[in-house]
Every structure is written in C-alpha cells, then in structure tokens.
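Chemist: Residue strings, one per chain:
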Amino acid sequence: MLSYILRRIVATLPVMAIVALFVFSLLYIAPGDPAVVIAGDQASPEDVERIRQSLGLDRPFLVQFGSWVWRILHGDLGTSIFTNLPVSTMIGQRLGPTLSLMIVTLLLTIVVAVPLGVVAAWKAGSLIDRAIMAFAVFGFSLPVFVVGYVLAYVFALELEWLPVQGYTPLTEGFWPWLQNLILPAIALGCVYIALVARITRATMLEVLQQDYIRTARAKGLGQGGILFIHALKNASVPIVTVIGIGIALLIGGAVVTESVFAIPGLGRLTIDAILRRDYPVIQGIVLLFSFVYVLVNLMIDVTYTLVDPRIRY
Amino acid sequence: MDRRSVLKGLAGASGLALTGGLSAPAIAQGASARTLRFVPQANLANFDPIWGTQYVVRNAAALVWDTLYGVDSSLQPQRQMVESEEVTDDGTTWTFKLRPGLKFHDGEPVLSKDVVASLSRWAARDPMGLMIKALQQELTTVDDRTFKWVLKQPFPKMLYALAKNNSPCAFIMPERIAQTDPFKQISDYVGSGPMKFAKGEWVPGAKAVFEKFADYSPRQEKSSWLAGGKQIMVDRVEWVIMPDPATAAAALQNGEIDWWENPIADLVPVLKKNKNISVDIGDPLGNIGSFRMNFLYPPFNDVRARRAVLMAMSQEDYMRAIVGDDNSLWKPLPGYFTPDTPLYTEAGGEILKGKRDLDAAKKLLAESGYSGQPVTCLVAQDQPITKAMGDVTADLLKRLGMNVDFVATDWGTVGSRRAQKTAPGQGGWNMFHTWHAGSDCINPAPYTAIRANGDKAWFGWPTSPNTEKEVAAWFEAKSLDEEKATIGRLNKAAFDDVVYAPTGFFLSYTAWRKNVTGIAKGPLPFFWGVSKSA
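From first to last, the protein sequence lines stand for chains A and B.
So for the first sequence, this note's numbering puts the first residue at 1; every next one is plus one.
So for the second sequence, this note's numbering puts the first residue at 314; every next one is plus one.
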C-alpha cells in the first residue's frame, strides 16, 4: 500500500506540471494587464512600461514560465504583484477559512445526507422516501447564493442567532469559529447533501436486493444492523466516490459562498486575483487546487480498500 | 430570477422587518465601542499611495501618512505638517519650515530630509509633481526642520499641488522608505499620520486595521477635509472588505459593521427605512460620468461624428440608468467641471441642452463620412456604472444608425485594451465608458481626462490646441477671476472639439449606524472626528 501511495504521489508531479503550463499559458494569452491597473489613470504609457519591466511582465513567455517553475522547485510560489506579499503567505492566510468551511460542510453532508439516503432506500416508495427525494431535488436546484441570502435573512437578521458574515479562527474558541460557519456550510452543503442522499438511496436500494441481505433478515438481524452494518458498508464505494468528487463542487461553490458571507477564504482570493490579473497568486492557487484534487483522488482510492477488502493494489 | 433581484428582495424584506421594531442585534452588543468597523468602496490590495493610485489606497494612506498641506472643504490648501512657508518675490524659491514635534510611528522625528525624499518620489509619479520637477533647480534641506524648493520659473499652484487630495497625494514618509524607486512598491508602512497601519493584521481582500497613533500631534484648528486637527476618537478602525453589497447591507443592519462607504442605489431604500441607520450623500462633489471617443480612427476622428453623438445623447437616460428614480442623486451637466465648485461653467455646453435632435445628428454623422463601419464600444460589465452607461450608449448609437460592435468584458480588460492605439479591428477601440470623481474635476490640475494634447493625452488621445492653451493659462492664472475666465474658454474649446462626452453628474450615498457620529461629507472618508458609542 505504501509503495502504491508513493507511486501515486510521484505520478501527480507530471499532472501538476501540465496543469501549471496550461494555466500559465491561459493567463499569458488572456487580455488584461496588471501594470495598467497598478499604474492608474494618471500614468503615461512609459510609466506603465516601467512597471511592467519591474514586474518582469515584459519578458518572453518561456522565460517567465521557466523562472516560475524554477522558483516553485525551490519552494517559492513568488510574490503577489499587488500586495507585495509572498503568495505562500497569502494562501496561508486564506487556507484556514476555506478548509474550515469545507470540513464543516463535509461533516454536515455525511451526517445529514447518508442517513437520509439510507432511510429513503429503506422506506422506498413511501411518503418519507418521496419527501426526502423532493427535498433532494429542491436542494439540488437552488443556487448557493439564494440559499445563502435566505439563511442570512432568517437566522441572522430575523432571529439574530448567527452572524451574517466573517470568520473567526478556531484559536479563538470552538463556538466563535463554528457560529460563523454554520450558515455558509448549510448554503454550500445543500447541493452536496442532495447529491449524496440520492446516490446513497440508489446504491442502498441495489444492495438491499442482494441475497446476503435476505439471509441477514432471515437470521433475524435487526433493521438497524442490516442497514448500517451490512448494507451501508457494501454500498460505500460509490458513496465515497461521490463524496470525494463532491470536494470539487465544494471548491467551486466556496467562491460564491465566501463572497455571500464575506469569508476571507481562497475562493475570494481567487476571484480577486483573476479580476486584477495577479498572475503569481492565480498560479499558486491553481497549483494548490490541482494538488488537492490529486490528493483527494488518492484518498478515495485508499478508502476503497478500507471499505471493500476485495479491492487491492 | 437574477442574483441582484434576489438580494434586493431579501434585503428589502429584512429592512422592513427591522423597521418593525425588532430589538438591536445581539451580535452588536459584544463589539467594542472603541473599534470602528468600516466597509470601504474597494479592496485595499496594495498599500503604496505613490506606486498605486487607486482611490481606496489614497483613502487608507490619508490615515497613515500626513501631508505638508491639506485641502479643506472650500478647496483651499491649508498648512498641515508645515508651520510656515516663504516665497521670494520672483516666485521661484519656496522655503518651508516643519511644525515642531512631528513624529513617525516608529518614534523617529520627522525631518526635512524625509520630506525631500518623499517629495522627490511623489514628483516622479504625479502630473503636478512632474510639472514642478520640470521647473526644479534644486530641492534641498536647509536644516532639520527647513527645506527649500528652488524653481527656474514660478509655479503659482505650488501649495495646491502639495495639498490636493487626488492621487497620488504628496504624503510624507521616512527617508529610508521614500528612497524606494517610485515604480517599485514599498513594504514598510511607517507614517506620521493620526493612525498606524497594523501590517500584521492585514489580510488583503478581507481586512485592514489601523490603530490610533498616541504620539500624533494634531493641529489646533477645526478639521476640514484633509486640513486642520485630525483628532482620532476611537482606538481602532477596521476595514472589512465585503464584495457582496447585500451582505454589507445585512451586516450594517445587524450591527456587525458601523459604516458602509458607498451602498449601492438598489439597497439605499432598505437602509433608509431602518431606524438604526443614517443615510446621506457621502461626497458632495460626486462623480462625472463619461464616454470617450477615439480621436485616432474613423468615425470619431472627425469632429462632426463626435458632435453628432453629443447632439443625440440624453444625459437623463444615462443618469437614470445609473441612479434609478432618485432625482436628488443626479443633475444634467452641460459642462466639464464639477457643479457647485468655483470654476464650474456651462460655456459652450449648449449642444447638451434642450430637446435632443436625432435627425440633425444623423445628418451631421452622414456629413462626417460615416458609412456603416463597426464602432467598437468597450463596456466593463463588472462595474454597475459602466454597464449601465454602456447599455444606453449601445441604444443611442443604434438609433443614430451606427453599426455597434459591443464588447462586453471586465474592467481589467477595458483597462488594458483602452491603452491600445491600434485600429479597432486590430485590438483597438472606438469608445469606452468610465467616470471621474468630482473632486478630480474641480480644476485642470488633477483633471487628466480634460487634457487634449494628442499622443500625451488620456485614452482616446484627443487633440484640441485651444483646450490645451487654456489649461496652460489656468496654471499661470493668479486670481480666481482670471481662473474663471480661463476655464470658461477651456470649457467651450473642449465642447467644440468634444474632448469627451460627459454623461451627467451623479452623487452616491454613504450609510452608518446612528451610534456613530461625526461623519463629514467629502471626497474621501475622513475618520478624524468620528466617534462611536456603545
């Protein structure tokens, strides 16, 4: 297993290099010039050119790319064109809020969606099943920002239970940390919960038809044991896959959620950097996200072996 | 249903609910009354007011760095860090003496060598600074508190240049920082202003924190804009960046923030209904909407085509698209300078008055030789103001019979593409939309957009020798009457050649919770004199 994990990690390097080259090329050919934004309206073309030179933006594509790769290999993600701060510092500042939001959303999803899916499968065709699936369709159809505004209106403005915006680090206490994340996690989690609940239901339905479930029932095993020990474990591979793939959804959704709830996370940093053409920051974030995707895929593969002993590498 | 409608509806509903008498939010109770939480107009993405000239940087810099002079609410330069100045009879040698006891945030005294280095860096980037630099014989220290600026010719607007509020302001930094190349960014934010920048708490895109500078010695005069005694009444000012207007509105209603610099027009009615919130015009100098036509290529290289557009355009259409139905927020602008300021004039602006004459405009356009070639119109969709104006222009040009190539893009792209001098079909353009802060349009000094010196002019590169002649005359003018006469001629020349098309004058609101007092109207948010009760 260890050699498999190592092989997988080594195999990610070319993937990340290709992604980096692709992103770098896209940014290079995209319209927009950070030097113009920095120079401001009063600047002459000569001023803009001097800023461009001082930032190294006048150099040929291959030189810029090569220099970036060289820095990356030395553990340096570069410096933001606008803030003059190291990209690693900026990403570090924003990683906590985004990770927190993703973790809370992920936990919320697992805690809510999996039981809902199991119950829906167990009560297939009943009113409960239909209600759960209607909820799933509803959750899947609503844009994150709509759910976010409704939640903020009800729970922050009307009931005054939770704050509208912001983020408090975990170091300042569990409840202050959590209270800023509840509403965004629900808003972000709606689509995700709906997706996982539907997949769980479908997979469970299939497993519940299997002979060994019938045998378990015949042996007099309780409903809970059948559902959550025998059936759910065997239905887990597709569920784990969807949860893993869903992390991609979370990253995308976090961009909107972080804006709606003014959370200073990576999503907002990405949008800001793109609008300003802050190339080093965009490149650093894309590299990080690529790495996260690769890592998530690896974790999914490893999890398969844990939930299904027949899978071996 | 679009996102804007949703947020408007929900924010409206919340506003009504709160007006209904709900108690003050619990979240607000825990916040310290010594911390003022402010939502600025934009993200403070960098913090060098000379390297980057965005208004938001200037606004933050005004807290941290002081200036030698400051412009007051009557637009007059007043002494700030300076105790006295002397100018020789021939107007070529200025000698300035600093106030005693000025200190930087690191405890070091402010010395004339710091001022000389700071003015040198500023003068390399600022248009007025460049003019002074061109006349400069020497800029030297005399002693620790005295410095001298010797010019080859008089520069009557010297004090205005040092006091002006448009970017870049002549902020004074320690010599070691001011020696940074003006085209490179500083990373040390030590000033001598009323507040210190908490660099360690800075999260660009999310938060910027300023702490009261205990050793600041304010002037004794009453504060007025950038002049007078800058008394800070709170311990901390936290800038909270909120990209989503609905969230900012909700946070203000909820008491999570205290002051929102520029609420969008859609949400103002909601805020006005809340009994805990005050809403008022923030900057009485407002903004001037504009679109610029490219003088280098057909059809707008012909003055008849430019005049045809002016004859047909309705400023009311533009203004209503920007501010909605609130008539108190806009006025027509048959002039180029900011209304209600001393130099405002409508001389030559008749073309924008009265009934719009589409037929005459079409005839004039035909005379210009326009024969249906595409007109590339750049419109930034991520800026509500430019988007609104762009939509009106597209309709206007179509009604004029023009073939509009509407380029809907983002501000970053407009910013770089408008600098292209190539033909519209080869990456260039024919027109783009923007707006100018009214405080930048009070006279020709900060007013880049009015310059018409061809290749050296602002984007669109207008050529209008008569306009330029009057700009030069204004810099030489020695009295207000002389300035007014000059500006009258300038305004007319600019309309004759259509340097650009003003789309109207509009104002914006600012909003704050009622436990905050002392907010002054002005071209930037002034934090001195602002206090907050629990």
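Be careful, since some hints might not be right.
Stated by the list, open to error - For each label pair, taking beta carbons as the anchor points, the in silico distance ranges come out as:
hint, chain 1, residue 1, chain 2, residue 2, range
1, A, PRO143, B, ASP670, 45 to 51 Å
2, B, ASN828, A, LEU62, 54 to 60 Å
3, A, SER67, B, GLU629, 39 to 45 Å
4, B, ASP670, A, VAL137, 33 to 39 Å
Claimed, not checked - Okay, the calculated bits of chain A under chain B, using three or more residues with CB under 8 Å as the criterion:
hint, region
5, 5–12
6, 82–90
7, 150–160
8, 185–198
Simulated from the structure, these hints should not be mistaken for laboratory data.
Please read all numbers here as calculations on a predicted model, not as lab measurements.
Glycine residues also receive a C-beta, built at the ideal position from the N, C-alpha and C atoms.
Chemist: Now, for every hint given, state plainly whether the structure supports it.
Modeler: Okay, the hints, checked on the actual structure:
1. A:PRO143 to B:ASP670: 45 to 51 Å: 46 Å Cβ-Cβ, so the 45 to 51 Å window holds.
2. B:ASN828 to A:LEU62: 54 to 60 Å: holds (59 Å)
3. A:SER67 to B:GLU629: 39 to 45 Å: Check failed, 53 Å falls outside 39 to 45 Å.
4. B:ASP670 to A:VAL137: 33 to 39 Å: violated (57 Å)
5. 5–12: That given contact is violated, which follows from only 0 residues of the region 5–12 of chain A lying within Cβ reach (below 8 Å) of chain B.
6. 82–90: Result for this restraint: holds, n = 5.
7. 150–160: Our answer is that it holds, as 7 residues pass the Cβ test (under 8 Å) against chain B, meeting three.
8. 185–198: That given contact is violated, which follows from only 0 residues of the region 185–198 of chain A lying within Cβ reach (below 8 Å) of chain B.
Violated hints, listed in ascending order, are 3, 4, 5 and 8; each of the other numbered hints is respected by the structure.
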